[in-house]
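So the protein sequences, as listed, match chains W and A. The first sequence begins at 1 in my numbering and counts up by one. The second sequence begins at 1001 in my numbering and counts up by one.
It should be emphasised that the hints constitute simulated quantities derived from the structure, not laboratory data. Heads up, some of the hints might be wrong.
Only some residues are given here: those of chain W computed to face chain A with a beta carbon under 8 Å [as the list claims (entries may be wrong)]:
| hint | residue |
| --- | --- |
| 1 | Lys-18 |
| 2 | Pro-242 |
| 3 | Thr-667 |
| 4 | Gly-691 |
| 5 | Leu-694 |
All C-beta atoms, glycine included, are put in the ideal place defined by N, C-alpha and C.
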Amino acid sequence: MPSEDRDRDWQLGQVHRKVDAMERMRGVTRYTDDLKLPGMLHAKILRSPHAHARIKSIDLAPALAIPGVFAAVTGQDFKIPYGIIPWTQDENALAVDKVCHVGDGVVAVAAIDEDTANAACKAIRVEYEVLRAFFDPEEALAVRDRENTINPYSRKGNLSKHVDLEFGEVDKELAAAELVVEGEYFFEGTTHAAIEPHCALAHVETNGILTVWSATQVSHYLHRELAKVLEIPPHRIRVIQPPLGGAFGGKSEPFDLEFCVAKLAIKTGRPVKLLYTREEVFYAHRGRHPMKMKYRTGFDADGKIKAVDAKTIIDGGAYSSFGLVTTYYSGQLLCAPYNFGSYRFDSTRAYTNKPACGPKRGHGSVQPRFAMEIQLDKAAVLLGIDPIELRRRNDIGADTRTVNEFKVGSNGFRECLEKVETASGWKQRRPTLPYGRGLGVAGSTYISGTNYPIYPNDMPQAGVQICLDRSGRARVFSGANDIGQGSNTMLAVIVSEELGLPLDDIRVLSADTDLCPVDLGAYSSRITLMVGNACLAAAQKLRSRVCESVAKRWQVPKNRVVLAGRMAIDREDPERHVDSAQAFQWAEADHGLLGEVGSYNTPKDRHGDYRGGTIGASPAYSFTAHLAEVEVDPETGIVDVKTIWVAHDCGKALSRRIVEGQIEGSTYMGFGEALMEEHKVDVGHRGAHAGPSLLDYRIPTFLDTPEIAAMIVEAPDANGPYGAKEAGEGPLHSSIPAIANAIYDAVGIRLDRLPFTPQRVLAAIRERARREAAGELPPHKSSSIASEADARKIA
Amino acid sequence: MTVNGESVQVAAPAHHTLLEVLRYKLDLIGTKQGCDKGDCGACTVQIDGVPQLACLTLAVHAQDRAVTTVEGLGQQAGGCHPLQDAFDRWNAAQCGFCTPGILMSAEALLRKNRGQTLTRAQVCEALAGNLCRCTGYTKIIDAVLDAAAGFEAMKVEEARHAE
């Protein structure tokens, strides 16, 4: 895509002020809950106290009798099911006949204020018949009768999805392997915990158009599902995503509140707003699936991976959400950055009576990455190979295909490894660190968007429209959801680069279904690559027109005109220039109104031809290496992560500091999952959430978070705009196993279960001490890596 | 009470918090509700110059006191506060939802330590009650340390103005 006709990079890779940050810092940005309309009502949802129960009756009368209560809706108002994946539409906006987890919505009430809405919820009488609840996925899978089937739409008992794929001859390779490492791992569920709770506001305009403002990261899919459930044609609905306060995958499908406010606004003729409490956010969840993983990995004597055999049980919660995709991702996304000789995975997702799991940053692939990278570390110790060297030997490289037939383009993994190796002083420091202190490494890969949209269609995955005006400004219309990751700024940077305008002169209007071309949303790290490409296509067409008109007036060849610094400049005679406004006016005079559209669709040669082969295929893959330094206190079991070095190959950093911020934020989020986060229900309390608050569900504070040294690696990809790939999700994955491997280096214990709480660390240290005393293991760090490997082989 | 330097009179039910009064009655929406139970720090404002959680403060508690919200921060500096400028340059706000609260905590830190060199550890200590889920905190710490210099300059200007 680079063109030779002008000087490059007057904006690319620089540090930018984000186009919409200052207003957020002044406190004037209106997030969804900051919107207020005349006559607006407030809604609340009455939720189930039972994990599994049939609704026998609902008495709304006492609530409706309260002054200030305007309307109530129940599952009977929302009989049409929905779901983000077209093949698994298995939930209703409110429970129709039964509730499937504590916190399932039963009734929504609109009232004059929140206090009155809460009082109304209290007054409603619901009679339940409690059913047997299942909290363990394997127990849930064991029953197949209708009575014990959790999800009302399931036709296969509590089996949500099963995928079994094999590439190459795994059993044969395992039998022939020099070393087979076996391990069992458990990844605890975790949640997004964006600081802004979900919020939605609906209003029926005087022209009959239903407008829904929502803190969503998928306005297009929300638009579609609202139309379906409410039986209103899409052109009569407008969805607007106001500025958003964080999402991380937690707002990437429709939620009950959006349907409820819409229906209540229709019923009452007034605007209706609903803001989740923090507790409701925890119950809405859709976070990382708990996964129980069994891995067997075969290596040859040089440490090359000959076979990977994975069996995974996935705890899905009560609804499918993205679960069909999660089940595929749990296997499909593991096949880089290492070359596998052969591969088999068998993943099963079960329904349980818990809040539904879904996509959290690094959807479906963070859990298997945890298992895989510890497997590699175990192999490195047993084979006496340096863990970084072992990873280098297995590097899949660029322009190649994975064992499951995904086409990989650019690959900067080797450079990522080198960067963290050098920055951490791995070679010199690792052999000298005392007992209690350790370094650990891990690597990973992630997609830059999915090759196919969620609902099958041949239309572009992304579209952008740009208009230039006579005052020298550009307006960019994009359906993409800026969720804080900076996608509006990314678009402005591309337009700025192409049209020579400063960011201040570019207005980005995004995520309004009435004004913007369709974009599929902020998920699967698709925006920079896909929307960026669409934007680049539109901007290049406009640049060509502007340059042509300027060249005509200067009577020079078109390629002598450069657009930069709010000017059109003659490359060979820089004294000759006009400002952008003049250049645009010349172009408008020549061509008429200056507006262009650009769209992007994926190349279709990225995957193999087998069932499920398209799921996990991406136009480009990012690569990451993490290296963690930890101090483990053997007295208390407390793990203190000192520093995490992280190098991430994003293809090309369009805005340097924003990319660093994505790498740092991802690494931090992984760190939290490694040491403290647990999203689980309390079986002893009927399946209520174990701690639905930001005090009980601990996320890292300023004091907890280690120093994070983020390094950018650029291996430009032919499919990315200027070579750019994703940076928002990949750099989470290997953060977690790098910490696990560092703990092993520090004190010689393997932590195969997350999170690494002091109790678990201490128990593992004591177990190791017992085995050392029994002569089963040599003292940790008292001998060289090689001799320990020998000792283990003998043992 | 005084809000951002202006005297205001508000009638509110006894059980309403300062957060509800600021957001619903005064339309000062810069102060955010993240958890409504004192866990996240997004609602941090200053009462008589001290950072406080507006969601845990009953509105009546602020009677006759001086409340400063994020909207008052730039006002104080005659436009853009050095902290806001530094946060902008460092991309220290991603979604920006926690940012107002963090700015209010950070301003108190800078004011308390005027004339002294701040360390990263001091910044972490002072901001430990404010959760951010986007940034990993790194860029926020960079921005606060960077802003300290601008903050000094601002105070000098203010002093001259007073003369």
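Worksheet item: Would the hint on W:Leu-694 stand, with a C-beta cut-off of 8 Å toward chain A?
Response: holds, 4 Å
Worksheet entry | Restraint satisfaction for W:Lys-18 [CB to CB of chain A, less than 8 Å] | Holds, because the Cβ-Cβ distance from W:Lys-18 to chain A comes to roughly 6 Å (cut-off 8 Å).
Discussion item. Checking hints one by one. Is W:Pro-242 an interface residue toward chain A, by the C-beta closer than 8 Å rule?
Written reply: violated, 11 Å
Worksheet item: Can the hint on W:Thr-667 be confirmed by a CB-to-CB distance to chain A that is less than 8 Å?
Response: holds, 6 Å
Discussion item. Under 8 Å is the threshold here; is the Cβ of W:Gly-691 close enough to any Cβ of chain A for the hint to stand?
Written reply: violated, 11 Å
Checked against the numbered hints above, the structure violates hints 2, 4; every other hint is satisfied.
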